[in-house]
Amino acid sequence: MTSTTVTTQAPRSSPPALGPERPVAWPKRIVVTLVNGMQVVLAEARTFPKISAQLFFRSGNASVAYRAPGLAEITATVARTGTTNRPLRQIEEDLRRMGADLAAHAGADTSAIGISGIADFSEGLLEMLADLARNASFPEEEFERERRQRIEGLRIQRTTPDFLATERLRRVLFGGHPYAIVAPVEAQVAAYRREQLEEFYHQNYSPANALLILVGDFSNEAMLDQVEKIFGAWEAPAPAPQKWPAPPKHTGRQVHLVHLPASVQTQVLVGNLAITRRDPDWYRMVLANSIYGGAFHSRLVMNIREQKGYTYSPRSGINALREYGYFTVHAAVRNEVAAATLTEMFYEMDRMRSLPVTEQELESARSYLSGVFSLGVATQDGVLAQLSTVYLDRLPEDYLEAYRARIHALTADDILAAARRHFDSANEQITLVGDRAQIADQAALFGEVTEYDAQGNRV
Amino acid sequence: MKKLHIPVEHTKLTNGLRVVAAPDHSAPVVTVGVYYQIGFRLEPRGRSGFAHLFEHMMFQGSENAGKMEHIRLINASGGLLNGTTHYDVTNYFEAVPSNALERVLWLEADRMRALKVDDENLRNQRDVVKEEVRVNVMNQPYGGFPWLDLPPVAFRNWPNAHNFYGDFQDLDAATLADVQSFYRTYYSPNNAVLLMLGDLEPTEAFTFAKRYFEDIPSHALPPKADVSELPQTEERRGEVEEKFGTLPALAIGYTVPPRNTKDWYAMTILDRVLHGGRAGRIYRQLVFEKQIAVETDGNLDAFDANGPTQMVTRIFHRPEFTSDATVAAYDEVIGEVQEREIIEEELAPVKVKFRADYYSMLEGGMGAYMPRFGLMHYLACFTLFDGDPDRINNVLDGFMDVTPAEAQAAAKKYLVPANRAVLARRPVSHGESR
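Chains S and E, in that order, give the protein sequences.
Per this note's numbering, the very first residue in the first sequence carries number 1; after that it's consecutive.
Per this note's numbering, the very first residue in the second sequence carries number 1; after that it's consecutive.
These are computed hints drawn from the structure, not numbers from a lab.
Only true hints are included.
Here are the simulated lysine to any residue pairs, SDA-like style, with alpha carbons at most 25 angstroms apart: (1) E:2 to S:101; (2) E:3 to S:217; (3) E:262 to E:394; (4) S:308 to E:173; (5) S:308 to E:180.
Just so you have them, the derived chain E footprint on chain S, three or more residues with Cβ under 8 angstroms: (6) 14-27; (7) 45-51; (8) 85-95; (9) 115-126; (10) 263-272.
Everything numeric in this text was worked out from a predicted model, so none of it was measured.
The beta-carbon is built from N, C-alpha and C at its ideal position, and this holds for glycine as well.
For reference, chain S alone in the conformation it holds in the complex (with noise of 0.2 angstroms):
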């Protein structure tokens, strides 16, 4: 537009090709396992003067859904507000000091309690990991303020619309399943006991049923000497394995329509079971779905927003949880194509499932994805996070290094074979999340409606 002259020594008109891929080196890392059963994963990542630390519990919401759904989220969020050696007040100043910061959460399948800050600190950072992992008091107050705390913030994500799609979808597709429950409703918080709160600790936060995870400004051999001697003592049995009902199989295309009055937007969110990592898909889905919607150069992405502008972020995605996992394709659109934004979902996922998809688009998804994955080496929290995966799902130890190398193997053949098995696209579970009085009729056009109210009732 404003350029006139053209002299340069480099070729302008197409792009430098790529210098060769440079070996990615995965922190030098330390497993072991104590004598009184919790698993330690060590990861030297020295850069910053920062240490970041996970303590997972193989215990989540899944394992109380039947009978007091959110528990282990409530429980989480109450153990940092107080143990037999230190008040709140002095909990949270102490983070201060340390310039730490701390999460405590509960997810389906896990509870964790995260803690980071200033390398100097590592061993007061261990402490309080691990009085609050042991020694939690659960105050009264602080307990009665959590929960009405609670029941204020669900009221509010009932109001939120990728939650209320995300609540629906879980119901319809895990049935009897713990993982259909991901939020409790307003009377089962308020009838939560302090005392189960107490009974869920004591049952779960554990050694044998632990898995911590440091990364950070240490040397693994040192750091090793400091978790024996502050975990090393601690005594306690894993909890006993639970057995979950399968979930329920899906014949056709059904459609859930959550009311939300006066939204200028309606949440489209289809989805179907699929798999876990621990399948011998995993790789494949992976790609496929990185092709389908999984990235900005996607065709999903592409077709709705690029070409048709019905949307800001649609995307695809796989879920995978420890049981179960499931695949997703979602976007926020204006009313008026809501069905429209349907039918281009489907095509593209049909699409992937007749055809096998270009070179071009397969060489450039293995190589996106074998790119992304060695971002997460360049900060703490990625290489935590890509070692809680790993950890956590049990995966082979050679998962972090293999991954370039297995992605980089995959064929068009691979592509369109996890296309037919996962995108399943007959017995897609469709939920909207809008005004009905704008969307019932495009609804209807996807197969038989059945619609809630925000609460979760059917209307």
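Based on these hints, arrange chain E on the given structure of chain S.
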């Protein structure tokens, strides 16, 4: 305590483009950013939201990389990319395996030299931006609170006080001629800085920068716009309807003294005394002790504003407390820091946490997969606003030197009603309950 030193080298090309390199060979990854010194503060009147809409247009094609080609080439190199619009800068950045450095520079140079977009691209991105506004603001509980709600109450000068995401009629009114004129006015090499961080050799990186950027012609920049505010004489108040959320909320903003002054350092440290997470005085008093608030947070974005800006507190309070009662409880916290000197035992840990947060920001700052985003961002701000990228290694000194007396003096001088704005976001109930 162990201190961090970031190696930084910088140069300036003959066309005025500033270039900064920060080598770090700990991982085979580079982060590249191009920052233009234009943000939503200076977008044209009658074109609210234009700086951000324009940012989208920079991904729609340039002379040698057509629509989607820029994105495809970065993704296919194994990298991620994005752009964001701020008050005073707009950035475009990539994190890629380090063998892709030259390719990224080629792409950034191509769109600095010759943007190539048409009406169809503009129509498309106008639609996309409207969906972005709907998903982030109009269809979300507390959408735009308070970054869009507070400035119109706090400020009087249009650049500081308008709707930065854009009124839809202004977005609709934007033309391709506007796009071209904005590009010609502000997207010139002498109004930008190029940053290259990570697994690279500065000498080689500077050679690449010259190869791809040095012959991009520069042009005269418009005279510096006046974004100053007239002195404020009394508290300003406003109200906005909350369409979805169930809790009443407040945003309280105090205008911050000018960048790099003694008072600015003191006010920034004071911000951490008051906010600074759950150990901060406001959270402790309003959430833990008085239990008026369900949640509160706040911050002063010290480095990335180059004009009027505020320290802002957000308070989501229980409906049984009125907003006046909530403000009164907040004012008690403010009164305490004004009346009693903050003791060193409180200030010292605040400074440790400040240092820790600074390191965390430099390392990541935008998720685990965009390494050194914060380092890039701060280097850009220090270069463009202060003319000194080396501030990355000494800026902390000014904060560490703040004394209790200075923090208290800042509280008395700046945390006063005549320097603040209070915005209430009030839930409305409508026909059907949500």
